[in-house]
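Student: So the sequences go chain by chain: A and B.
Here the first sequence is numbered in our numbering, starting from -4 and rising by one per residue.
Here the second sequence is numbered in our numbering, starting from 48 and rising by one per residue.
The set of hints was computed from the structure by calculation and includes no laboratory data.
Every residue gets a Cβ at the ideal spot worked out from N, C-alpha and C, and that includes glycine.
A few of these clues could be false.
Simulated coverage check for chain B against chain A, where a stretch passes if three residues somewhere in it have a Cβ under 8 Å from a Cβ of chain A [claimed, not checked]:
(1) 158 to 172
(2) 212 to 222
(3) 345 to 353
(4) 371 to 380
The primary structure of each chain is shown beneath.
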Amino acid sequence: MRRVHGFHGGVHPPENKAQSLAAPIRPAGIPPQLILPLAQHIGAPAQPVVRVGQAVRGGELLAEADGFVSVPVHAPTSGTVSAIEDRPVPHPSGLPAPCIVIDTDGADAWAPPAPLPEAERADPTKLRERIQGAGIAGMGGAGFPTAVKLSPGPGKAIETLIINGTECEPYITADDTLMRERASELVAGTRILADLLTPREILIGIEDNKPEAIAAVRAAAGSDMEVVVFPTKYPSGGEKQLIEILLGKQVPSGGIPADIGVVCQNVGTAVAVHEAVALGRPLVSRVTTVTGEAVAHPGNYEVLLGTPMGWLLERAGVDPARARRLVMGGPMMGFSIPEPACPVVKTTNCLLVPTEAELPTPPPAQACIRCGLCAEACPATLLPQQLYWFAQGKEYDKLEGHNLFDCIECGACSYVCPSHIPLVQYYRASKAEIIARRREAEKADHARERFEARQARMERLAAEREAKRAERKKAAEAKAKAKAEAAASEGAGADGTQAAAAADPIQAAIERAKARKAALAAGASDEPADQVAKLAANVETIARRLAAAREKLDAYDGGEASVAEALKRGVEKTEEKLARAEAELREAREGASEEA
Amino acid sequence: MSLLRITSPHAHGPLSTTRVMQTVLLATLPGVAALVWFFGPGVLVNIAVTSFFAIAFEAAALKLRGRPVLRTLDDHSAVVTATLLAIALPPYSPWWLLAVGAAASILLAKQLYGGLGYNPFNPAMVGYVVLLISFPVQMTTWAAPRGLAPELPGLLDALRACFAPASFDGATMATPLDLLRQNSDQSLAALYAASPQLGAWGGVGWQWVSLGFLAGGLWMLYRGIFTWHAPVAMLAALAAMAALFYDGGAPGSGGSPLFHLLSGATMFGAFFIVTDPVSSAVSTRGRLVYGALIGVLIYLIRTRGNYPDAVAFAVLIMNFAAPFIDYYTQPRSYGHARGGRP
């Protein structure tokens, strides 16, 4: 028997699971309209591949994955695409997001299923493609694309595959019933995951408050996997906590389980993987617990993705007069849904509709007396009371120093707080603020670097200009000096002329240039092709010069109009020169072709 | 459906701050009962009058600060502070002493810093120390215990002592702690033989009062109001210091560990003052250090100082040090290496 480890903190809220466990999983049926958000997972939203008005069959692709960390969306039943637009979606922000809306036709016509052929199952790439292509994202609540977790990358050998059947949140029983009723599918899906990851051991972790599920999974599991049962405590089902319970190891802060050779998958995900691979059925439905005292028929429903929550709640017999809030997920980590028009998505494990008496409206927060109950409850061994004070004081450095980012937002601290302080809310806000500040700082750094680079470039150009000017000045001075010397030597004697000519290098250079030009002119008539080439080179040089002049003019943004004017004139002059050179080149070319 | 939009968690545990404060008040009962039995009903008048002033001051301060008065008073924290202060003060104290103490506790130590949760110092102990320094005579007269006093004052006497102090003349007696501190030439055995009020361990009456507060404290511990760390560390450190300097009961001895544990405000301090979460260190490791250092200080001040007891000073000094202790005792969070290394 495996030794199970403990983890720090945790709480024991009333479980309230019996209400939804009375009946087996029931199909919820086909609602008149399905609303399928393009982002039901963490990562890039899927890209629609259907048009409005297009008829679709069940299982057909509606939107394809956009990149590695993304999954596609499929049609849960047959019907017509009636809109692709923003609709209210279940997201903590409460903002609407793009959705594909399908008016169902009730026929439930399906595209022929295409299970992955046996031969291709041995190919990990094909398997991963199939799992991503079926639109599978973590069904425990986070919605991280499953195929990504199944590609731990080179150098990260996976020692342990953990299947998470903990379901530690109160009220929720979706995984519990799934394990009871579909244990063999769960085991089959687990084996597919194991084929991909080749772990040394496979552990299925279940809390001891689910004896029937434990028995069912034990009966279905082979000798290749071990069902580990451990005491019920919230939040045992948190990935990091479960790893500590089963292995006694902690995932390094800021890291992922694969860093210590572990991959965790939810039981619902494993079943979905089995259906995608063995049955060729993409992820188009899920088991959702509908519970709370305002619901007449609490239980677990097999719900088509995109089913409006209001429609499902009506089926479950919700009493709108008694419904005080609508929570997606459990009472510890779930979030409030602003309106029942929101659809059920891949991560909707539970819809909780409590009455006011059941989950009363929290009273106004009282002062924090630092009693430390939160620190005792914190599964991440943080000091929530200190984080609260720092969050109030906006002391972001201290928040990070006290490991705010290791907070998993499980809500255990708020649950025990005698002063009813919404601690998790403070941490969420502070995390968002710190992330925003980091982005801001990055942006500022980037802008500063750009500014400094530009400053350096401007300085360099100015220095170059200055150097050129100094050179010209020096040359002019030298010329004046030479002239003066020449005049002096001319006066000295006739035999000095030769010497003076020799001494005047500029004169000599001019002489040489003249001679070259004359030779060029003479040679031009002989070899027109040569001349064309030379003129073409000349045009090129002037064009280059013009470009440089224009750049200089563009770059100059100093205040002095005279400088700008001079630069402009320079450009114009060069332009003229270019035009002339081009004309010459044209003529020469014409001449050359005539001759030919 | 009109739906509430509240962030998670949606469920909440049964505990509330008001409930915590009520539990503390209930837990004082055994100790207070022992005080009444051995020293008469003076402590009850103390508690009633101090609570009255504390609530009045708290309400006035809240009103001035523009805070909700009734809702804040409902947390019972003013009554808790007043009760703890009243228990620490000598029974049969005059009303003005109680009023000044309540003012120092509520106005100076609590509301001036921003109210409940914001006070760096334990309010009851601030009130006690202000009174001790300002009115040493009233603060160092303690009633004689049952069996040693000719007769215990009744409730009427207690009221008279409070509101017409001039007309009250109760029997007083040096406390066991005073006796021990003033002793320099007698061995402990001789001192115990010469002083009837020393009783068997911690002094007549005192030892039962201490056991009463111990019982209340253990009950709170059982109810999960605080963790064991600070009180156990304080009692252990105090006992260890006493054992270290016991010196076989020779004339220079500071008293036996049992004497120190069961005398004066040791148990009351360990379970009702040191456990005050607002002014103590926050982590469990921090509370161990915090409690242990209070225990050491209590022993030092009791044996080397000049005051009737040492709990108040020791606690206030360590209140100063709490943020410093917090800085060095931050627990290792999940996923972080031991010793603070990344």
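Student: Each of the hints needs a verdict: does it hold here or not?
Tutor: Each hint, compared with the structure:
{"no.": "1", "hint": "158 to 172", "verdict": "holds (count 4)"}
{"no.": "2", "hint": "212 to 222", "verdict": "violated (count 0)"}
{"no.": "3", "hint": "345 to 353", "verdict": "violated (count 0)"}
{"no.": "4", "hint": "371 to 380", "verdict": "holds (count 5)"}
Comparing the model with each numbered hint stated earlier shows that hints 2, 3 do not hold.
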